[in-house]
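Participant: Next come the chains, spelled out residue by residue.
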Amino acid sequence: MSATPEPFLGTIDHTPVRHHILSVLVENKAGVLARIAGLFARRGFNIYSLAVAPAESGARFSRVTIVVDAESAPLEQIVGQLDKLVNVVAITDISPKDALERELLLATIKTDVDNRTSLLDIIANAGAAIVDVDTKSVTVMLAATPGGCDELERALEAFAQVELHRTGRVALPRLGKTASA
Amino acid sequence: MQITGAQALIKSLEQQGVEVVFGLPGGAILPVYDPLIDSSIRHILVRHEQGAGHMAEGYALATGRPGVAMVTSGPGATNIVTPIGNAHMDSTPLVVITGQVASGSIGTDAFQECDITGITMGITKHNFLVKSAQEIPRAVAAAFHLATTGRPGPVLIDVPKDVAQSMMDWWYPSTIEEYDLPGYRPEVALDEDVIARAVALINESQRPVLYVGGGTLKSRASAELLAFAERTGIPVVTTLMARGAFPDSHAQHLGMPGMHGMYTAVTAMQKSDLLISLGARFDDRVTGRIPAFAAGAKVIHVDIDKAEFNKVRHADVAVQSNVAAALLAFDAASATPRNLDAWWSEIREWQEQYPLVYAEPSHEGPLRPQHVIEAIAAKAAPGTIVASGVGQHQMWASQFWKYEEPGTWVNSGGAGTMGFGVPAAIGAKVGRPDRTVWCIDGDGCFQMTAQELVTARAEGVPIKVAILNNAYLGMVRQWQEMFYEERYSEVYLSADLPDYVKWAEAMGCVGLRATNLKEMHEAIDIANTINDVPVVIDFRTDSSEKVFPMVAAGASNDDIMVHPLQRGGSK
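Order-wise, the sequence lines are chains A and B.
Using numbering that gives the first Met the number 0, the first residue of the first sequence is number 0, and each one after it goes up by one.
Using numbering that gives the first Met the number 0, the first residue of the second sequence is number 0, and each one after it goes up by one.
Each statement offered as a hint is correct.
The calculated EDC-like cross-link candidates involving lysine to aspartate or glutamate, where the alpha carbons are at most 16 Å apart (straight line), are:
(1) LYS176/A to ASP97/A
(2) LYS270/B to ASP558/B
(3) LYS28/A to GLU134/B
(4) LYS305/B to ASP82/A
(5) LYS28/A to ASP179/B
(6) LYS517/B to GLU359/B
(7) LYS83/A to GLU186/B
(8) LYS305/B to ASP190/B
(9) LYS305/B to GLU75/A
(10) LYS270/B to ASP557/B
(11) LYS109/A to ASP133/A
(12) LYS176/A to GLU100/A
(13) LYS270/B to GLU345/B
(14) LYS401/B to GLU373/B
(15) LYS83/A to ASP304/B
(16) LYS109/A to GLU152/A
(17) LYS10/B to ASP37/B
(18) LYS176/A to ASP92/A
Residues of chain B placed beyond 10 Å of chain A at every Cβ, according to the derived structure:
(19) ALA332
(20) SER333
(21) PRO432
Derived from the structure by calculation, the hints contain no laboratory data.
As the structure is a computational prediction, the values presented were derived from the model and not from experiment.
Cβ atoms here follow ideal geometry from the backbone N, Cα and C, with glycine treated the same way.
Please model the complete structure; the sequences and the hints are all you need to start from.
Facilitator: Here it is in structure tokens:
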């Protein structure tokens, strides 16, 4: 999901100044995601990644984790406009330095006898796991920091990839750090 | 009590105290029109759905109460998109009800289906697609709550035909909690520290200006503004959206700022050391080139919508509040600027040097549009409401009519919607039947929505329309003359085609024409004697007249161009 044609895979700049993480509690109602995406598009705010799932309170609310480009518009503007969406219940702004960020990567890689050993090394070094195997390919899973996922993605470039998906990150404030609401 | 969703919808509108709905029926909304027959609510049957929307806006702007419009699905819904967008730009409280195809047909490209909640997502404060009849009372109550609180705006309720037809157990939410809006918190408590910082800025200011925007009218803060301005002696400017918030006759009023603002209003802001912005949003039509706008001024920005802070201009102090509460807090802290005598003597010099002027009209015509407006105003009853379209005539109507109270100026500001005038005037007159309502219109605007005069005649809404007929799309012509080397591209309309008098008569109105000063006065006098049917006067005006003062698009407000009669001096 991106407000601009720019693909996000492999292009995320992880330097702390550029992006910000907004953890947004929304009503779990039809069209809420379209309202958020439409707002970002029409105001010219860029989204790096966006992850949605039912929130802790059950079916009534969902949590949307949005990684925003804090240079496409001032964060204050993004939060202010987002807060005006009636279905948005609460916004937590987590600064990257105070955030515990995780992302899931799934990749299916073609394997043969020549590359199998080096692939297994890479998987082991990254702390990734093999979650599916057949005679010609393996599917690798990694839950790690976005930087960790970037590293694995780069390492896997040497292999013939069938498919690679990333979820976009979710985040919580580090213990002892307070997020600004 | 079991009733249909349609009955519940009408009953819910009655619960909200709705007295009038502007609309036009069609297939998907048919079930809702049936119980309307038995309702106390008045329905105004429009000739085009755009008219319904602008009438609801005119009603809201003149009365301060939310306007309600009801149309069918598909083209009925898309035809009201322009008024919804207009109301969104001007923060006008509106509740729009659209019919939708039956729930089971949604998404199948059914006859007269369109995704109106998707289309209006970006131009409503919120919208609802109602899924069951039982939900209708909540949706209506929530819609009115959203439309009228916080920063007001348009809210749309889309009602599928089967939902309107199915049965429900009547109920109505009695508390805000039952509206089920967990993410909506329109009112915020005033922050004492923020008020203290604002007061400190006011206390040290020597050249302050009260920059009054539409939010002052929306929060009904005119009395608080008058009290604060008179206690502090601070000069006041009122934007296009705030005309009437502060009396034009008041000695502290410098007039409208911006692209076609009064020289003194524009210049006082430029030279100010403190702008106290009250429900204004630093629109590009006010600021001109932003880096050059009031460069030496600090800014206190009062707004109910925190997303307005630092959007265009850095706010030294941002006060999230409705305007009335903020002014009361400033007063309670006795905020008082320093001695303003030097500031006022500068201001008085500008006023003396650059008042609003126009060339002397000749007896034979063509008429001067500014003179026509002054002539109508001179003979208008106190409290007359003026509605306008968009363009030169709108700027002259803002400049040359004197507005003394809220709700007397009805216009399309942010969106600049041509054709707004006639239907908005009708809506205003429906809401304030005790008042005289003049629509100051242009010939281009009139042709866009004039069919609603049929509505006005049929419904007994006797508005008066002054067409300033210069045979051109005048504002575009002005720009082509000034900035496109007089290369006039597609702006000529003809003064005689259509024949406005015959057209007015065909619509059941009185049609009059004035080409010289004698006819002008006679036509206005005749119009003032007619109170049972609408009157249209075709005033033949000079097509070379331009709106001054003017700040060219993208130019600094320092480079304001005054009227040619005033040039030769420094400007």
